[in-house]
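**Q** Sequence:
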Amino acid sequence: MMAFEAQVRCCICLDIYVDPVSIPCGHNFCLDCIEGYWDSKDKPKCPLCQHTFSSRPKLKVNTEFATIVDFFKKSMQAEPTAIPTEQEEADKALCDVCRGKKHAKPCSACQAKNEEGNVCKIHHRPLTLFCRKDQMLMCTQCSEEKHKHHNTILLDNEKRRLKSRLRETKTNIQEMIEVRETKMEEIQHSVEVSKTNTEKEVQKYAQICSVLIQAIQRQQTSLVQDLETKQREAETRSQQLLAQLQEEINQLQAKDAELQLLETNLSSTNILQLHQLLSELPPSREWSDVPVHSDQSLGTVRKAFSKLVEVCQELVNRLSAEDTAKMSQHAVNITLDPQTASGWLLVSSDGKKVGDKSDWDLGVASESINRKGTITVRPDKGFWAICRRKGGNLSACVSPYVNIDLQESPRKVGVFLDYELGSVSFFNSETKTHIYTYDGFTFTEPLYPYFNPCVQDNGKNVAPLVICSLDINAEQSVTIETGVQTLI
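When the letters of the sequence shown are read in order and numbered with my numbering, they come out as residues 269 to 756.
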């Protein structure tokens with residue numbers, strides 16, 4: 269019996285277990301003892317084997333072991349007791365507060381307890397009950413008089429219930445603290461990452477500005493050199509033309525002088541000479557057909573600026589590709605919910621395709637959007653989307669519609685939602701180029717992917733709307749030229 273008794277005693281309080289619990293390492297303790305022990309330590313660990321746990325275990329009373337402990341307690345009480353000593357006999361003479369015996373005057377120990385508020389001031393009985401209705405302690409006589417029909421419970425039971433609630437509350441508070449500490453770490457890490465990204469973006473912007481400045485300087489130098497070269501060529505050509513004109517003028521003036529002399533002295537003897545002069549007029553160029561352009565720089569500035577635009581577009585495409593790569597890191601697999609799809613839509617078994625459509629709307633929508641009747645797709649109605657109509661015309665769904673001019677209609681579109689910044693961006697996932705962005709909004713409710721494959725149009729618009737999987741590869745991806753694939 270002594271060996272078994274050692275097995276039912278807590279190594280912390282050295283008393284028989286009260287609400288015994290087993291911790292993950294296998295050792296047993298009183299619930300209050302181990303909770304108090306852990307409260308005094310930085311990290312939860314076993315008092316016996318010193319095993320440290322990564323997080324504080326959630327404890328529950330081992331009901332089977334508690335039954336064994338209770339059985340042991342009852343068996344100990346049933347054992348025959350030794351002959352009482354004089355002190356024990358004296359203890360039996362204590363008042364009703366100590367042993368339940370009716371005495372006319374409480375003992376000194378009971379008076380101390382009464383001063384501590386453990387005895388009813390009216391009936392001088394122990395406060396062993398608790399009234400849940402009035403939220404007060406009371407004795408058995410109070411419960412029979414003023415609290416007869418109230419919800420009363422033994423004070424010890426109420427203490428155990430409150431201790432249990434206290435432990436649960438402390439556990440919940442600890443979990444709440446851990447959640448908030450984790451969120452604080454996430455926020456601090458986010459600030460550090462944001463700072464690093466900001467520094468990188470500033471450096472990248474400085475590099476881009478440097479590239480643009482160098483491009484502008486090169487174009488400016490090239491433009492000036494080109495204009496000066498054209499000016500020199502124009503001046504050289506003009507000098508040549510002027511020299512030719514002057515030479516012809518001199519020849520013509522000499523011929524005119526000869527003709528003037530013959531005209532003055534015209535006689536029968538010089539008729540033959542005049543006839544010869546008239547037939548020998550100097551060759552003359554048709555100068556009216558010779559072009560004379562005063563503006564040699566026409567179109568030069570425009571061409572130079574077009575080259576700058578090409579440089580800017582190349583930078584935009586490069587930045588779009590980088591943004592698309594970053595956004596792809598946040599891509600998630602989605603499937604369509606048949607319960608939220610219109611009744612005339614045919615959803616595939618894998619929840620990825622809506623059959624027989626190619627004109628489309630796609631974007632995001634608020635949780636509270638109108639799903640019945642006439643639906644207006646625009647931001648003030650809870651939609652942030654783009655649409656394709658007539659097999660190729662792309663528009664942003666705003667009021668009025670904004671046409672999106674692209675060299676070719678996208679076949680695979682990525683949608684990037686930044687909830688905190690209030691923006692929704694659309695990208696061509698194949699060419700890695702930007703399509704359109706909604707920004708400056710404040711989202712106040714959950715957002716969901718929005719798809720509309722539109723209706724058939726006399727045999728047209730029959731290709732499916734396909735949601736790409738994240739692990740899709742070139743062999744698995746089958747796109748229809750008139751269709752669209754989306755990656756969100």
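It is worth saying that the hints were derived from the structure and are not from the lab. One thing to keep in mind: the hints can contain errors.
[Unchecked claim] For each label pair, taking beta carbons as the anchor points, the in silico distance ranges come out as:
id : residue 1 : residue 2 : range
1  : 443       : 669       : 47 to 53 Å
2  : 433       : 596       : 45 to 51 Å
3  : 587       : 486       : 18 to 24 Å
4  : 723       : 480       : 53 to 59 Å
5  : 560       : 480       : 55 to 61 Å
[Unchecked claim] With a straight-line Cα cutoff of 27 Å, these simulated DSS-like cross-link-like pairs (lysine-lysine) come out:
id : residue 1 : residue 2
6  : 594       : 472
7  : 401       : 472
8  : 414       : 401
The model shown is predicted, which means the values in this text are computed figures rather than measured ones. Ideal Cβ positions, reconstructed from N, Cα and C, are used throughout, including at glycine.
**Q** Against this structure, judge whether each hint is valid.
**A** For each hint, the structure was consulted:
1. 443 to 669: 47 to 53 Å: Since residue 443 and residue 669 have Cβ atoms about 50 Å apart, the given range 47 to 53 Å holds.
2. 433 to 596: 45 to 51 Å: Distance hint for residue 433, residue 596 holds at roughly 49 Å.
3. 587 to 486: 18 to 24 Å: holds (21 Å)
4. 723 to 480: 53 to 59 Å: violated (47 Å)
5. 560 to 480: 55 to 61 Å: violated (39 Å)
6. 594 to 472: Judged against 27 Å, a Cα distance of about 15 Å means the pair holds.
7. 401 to 472: violated (69 Å)
8. 414 to 401: Within the cut-off at roughly 12 Å; holds.
Of the numbered hints stated above, those contradicted by the structure are hints 4, 5, 7, listed in ascending order.
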